[in-house]
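*Asks:* Please take these sequences and the hints and turn them into a complete structure.
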Amino acid sequence: MKVEIDGTLCSGHGRCFVLAEDVYRLDDEGYNADRDSIIEVVPGHEAAAELGMRNCPEGAIATVDD
Numbered sequence: 264m265k266v267e268i269d270g271t272l273c274s275g276h277g278r279c280f281v282l283a284e285d286v287y288r289l290d291d292e293g294y295n296a297d298r299d300s301i302i303e304v305v306p307g308h309e310a311a312a313e314l315g316m317r318n319c320p321e322g323a324i325a326t327v328d329d
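In this note's numbering, the protein residues as written are 264 to 329.
Bear in mind the hints are in silico, worked out from the structure with no lab data behind them. Where hints are given, some of them may not hold.
Claimed, not checked - Label-pair ranges, simulated between beta-carbon atoms:
#1 Ala296 with Pro320: 13 to 21 Å
#2 Pro306 with Ser274: 28 to 36 Å
#3 Leu314 with Asp269: 14 to 22 Å
#4 Asp328 with Glu292: 24 to 32 Å
Predicted model, so just to flag it, every value in this text is computed and none were measured. By construction, the Cβ of each residue, glycine as well, lies at the ideal position given by its N, Cα and C atoms.
*Replies:* Put into structure tokens, the structure is as follows:
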């Protein structure tokens, strides 16, 4: 599973990290550290990735088809 973080939509709420700290990272300003990137979700962490994605208030995280 891969997810993409849209840097133009991410506004630093940090919910993705709070709900899935094994998947998402925050930078020093509280924004997703992987904005404008596609990240590979480690096998076994897909449910956490989806939880963080669904709880992003701006919808800045989306799955990417392989």
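*Asks:* State, for the Cβ atoms of Asp328 and Glu292, whether the hinted interval 24 to 32 Å holds or is violated.
*Replies:* This hint holds: roughly 30 Å between Cβ atoms.
*Asks:* Against the range 28 to 36 Å, how does the distance between the Cβ atoms of Pro306 and Ser274 compare: consistent or not?
*Replies:* 30 Å, holds
*Asks:* Regarding Ala296 and Pro320, is the given constraint of 13 to 21 Å on their beta-carbon distance met?
*Replies:* 18 Å, holds
*Asks:* Do the beta carbons of Leu314 and Asp269 sit within 14 to 22 Å of each other?
*Replies:* 18 Å, holds
The structure is consistent with each of the numbered hints, conforming to all of them.
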